[in-house]
Amino acid sequence: MPGDLSVLLVLDLVGTFAFALNGALTAIRAVDVDLVGVLTLGVITAVGGGIIRDVLLGALPPATFVDWRYLAVAAAGALIAFGFSRQLRRLRISIHVLDAAGLSLFAVSGAGKALELGMGPAQAVLLGALTGVGGGTIRDVLIRRVPDVLRTGLYAIPALLAAALVVITSRVGVDQVLGAPAALTAAGVCFAVRMLGLRFRLNAPRPPGHGPRPGVDPRP
Amino acid sequence: MPGDLSVLLVLDLVGTFAFALNGALTAIRAVDVDLVGVLTLGVITAVGGGIIRDVLLGALPPATFVDWRYLAVAAAGALIAFGFSRQLRRLRISIHVLDAAGLSLFAVSGAGKALELGMGPAQAVLLGALTGVGGGTIRDVLIRRVPDVLRTGLYAIPALLAAALVVITSRVGVDQVLGAPAALTAAGVCFAVRMLGLRFRLNAPRPPGHGPRPGVDPRP
Amino acid sequence: MPGDLSVLLVLDLVGTFAFALNGALTAIRAVDVDLVGVLTLGVITAVGGGIIRDVLLGALPPATFVDWRYLAVAAAGALIAFGFSRQLRRLRISIHVLDAAGLSLFAVSGAGKALELGMGPAQAVLLGALTGVGGGTIRDVLIRRVPDVLRTGLYAIPALLAAALVVITSRVGVDQVLGAPAALTAAGVCFAVRMLGLRFRLNAPRPPGHGPRPGVDPRP
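Chains as they are written, first to last, in UniProt numbering: chain U, 1 to 220; chain W, 1 to 220; chain B, 1 to 220.
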């Protein structure tokens, strides 16, 4: 993907931190967990998507596991969530912001890595989205929640959109000129669509005859 | 495995289509999902078993992910289920038929691929069955259902049987002569055992003292 | 890892057997499963941790899948649990002992294999713990139980401790002299901490303000 690797690494680590914080806080709210559980769920949320991506790419051992910086940033995020969960609870909106940030940054870096390793455009788009939604999905399975990606609300769509933008800019050669700016633009589009979807309760279409069930709040 | 690869590819794609349709319809019935959820669950049901097989074989990236035909057929099946779920609902029996078809075809192609890559007979039989049951198991975990393979009713047994037939015919050299017919016969045996099991409510033995609990329908 | 491979293989197989017995008995108690379900859950509990470890190491196909001895021992353990679940039910304490034995032996052998394949110390410690807790976690996801590693009680901590001891003895060169004794000592520490934790209901710290909920037994 785009040229300036150090910028992208920073973005990837910011995404890791955001997801670790989000995963740990989600765990504290949803189930009765201790320090080990909070660390486990925070780290899995942060590095799970990258591990799924690298398994599907055959790029093993996974980068997010071998590179100590990912694990250190993920553990730091989970520990901060553990120590300050009450303070962070008051900032409910910011958790969604952090989640949207992780989703956006991982969708972009995941699609970029897939292109680097020679995947076709459809596979790169899917891998970008999988990198974004994978960690949270494993977290939700472990705490027995229906994964966000299956729920109402736009979650996979902005990730697919960002990954598609990465593939398109790579095809037209823009990334050679813009590098990090192109990546940031794609991530920004994902972030904006996700936040607008939350704000205005936008949903993907439902199966004909299967409208939203009345009285059921999609996000308990 | 057996010689005529184009025939086997067709069988594999038919299995992919059947599982995508089945996975998407199961999702629509079981949980409150939108288009993205239906697509996700349909595609995962269709390609998940092949991905587990290829991870265990070390054949990465997985064929069902790299080869666009699998993804295209899986997405098409899920989209058809999305658009016509009401019409398909009336054909409840055919969903089981499609599921049994996918199970049979994947058990055969999974065992064949394992043999091709040099696995021993026990591993080939297990990988065939895993290819057949893997996608549906991931689907069930995501929608929080007890996986079919753990439920009452014959599900893994016909898949193991078909995979064992592939290994046996390969050992005695029949596949060099028969190719696709041997594969189709193994798949047919799996299909017949699965459907007979459903029809006559056959079950594998239970732990001594743990008979079927009265009043509990094994397939809600 | 440590020199005497045949001793370590025996330890690994003992751990496999213990986990297979434990996984199968857990399945029989928790859900309404038949022979196939008991075998599936017993084998997955026994070999799942090793498969996760080998996927993360990029050591595919996984050793626990390719080497028939692991599968044979795992299947034997599950079959014994199937046939004698009523007799074994009376020995409830021994199930926890077997689980702690599997946890200890796998944490040690997992960390050792990670070091052998050139992982750093942090990764080796994590992989050891993952090898220990991985199989039971997959089992719990399949039967829709909150995984032990997320529950109250010391489960991951003793595994991390044993893996850390393996890494430390490897660093100071003790394993070249002691081999199996060093490995057994690390496993023994894990086993003792786990059993003491169960006996005295020790817990890892909880998030501030999230104490144990009154009236909730952590191990239903």
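Treat the hints as calculated values from the structure; they're not laboratory data.
It is possible that part of the hints are untrue.
What the hints assert, rightly or not - Okay, the calculated beta carbon distance ranges per label pair:
#1 U:Ala72 with B:Arg171: 16 to 22 angstroms
#2 B:Ser94 with U:Leu117: 46 to 52 angstroms
#3 U:Val10 with B:Gly120: 55 to 61 angstroms
As the list claims (entries may be wrong) - Simulated coverage check for chain U against chain B, where a stretch passes if three residues somewhere in it have a Cβ under 8 angstroms from a Cβ of chain B:
#4 58-65
#5 105-111
#6 117-127
#7 155-161
#8 186-198
Keep in mind it's a predicted model, so treat the numbers as computed, not measured.
Note that beta-carbon positions come from the ideal geometry of N, C-alpha and C, so glycine has one too.
Verification of the supplied hints:
Hint check: Ala72 (chain U) to Arg171 (chain B), Cβ distance near 20 angstroms, so the stated range 16 to 22 angstroms holds. Judged by the Cβ atoms, the range 46 to 52 angstroms given for Ser94 (chain B) and Leu117 (chain U) holds: they are separated by roughly 49 angstroms. Range check, Val10 (chain U) to Gly120 (chain B): Cβ separation about 22 angstroms, and the 55 to 61 angstroms hint is violated. For the region 58-65 of chain U, the proposed coverage by chain B is satisfied: 4 residues have a C-beta within less than 8 angstroms of a C-beta in that chain, meeting the threshold of three.
For the region 105-111 of chain U, the proposed coverage by chain B is not satisfied: 0 residues have a C-beta within less than 8 angstroms of a C-beta in that chain, short of the threshold of three. Coverage of the region 117-127 of chain U by chain B is violated. Counting CB-CB distances below 8 angstroms, 0 residues qualify, and the rule asks for three or more. As drawn, the region 155-161 of chain U meets chain B at 0 residues by the rule of a beta-carbon pair under 8 angstroms; below three, the given contact is violated. Counting residues of the region 186-198 of chain U whose beta carbon lies closer than 8 angstroms to any beta carbon of chain B gives 0, which falls below the threshold of three, so the coverage claim is violated.
Checked against the numbered hints above, the structure breaks hints 3, 5, 6, 7 and 8 and satisfies the rest.
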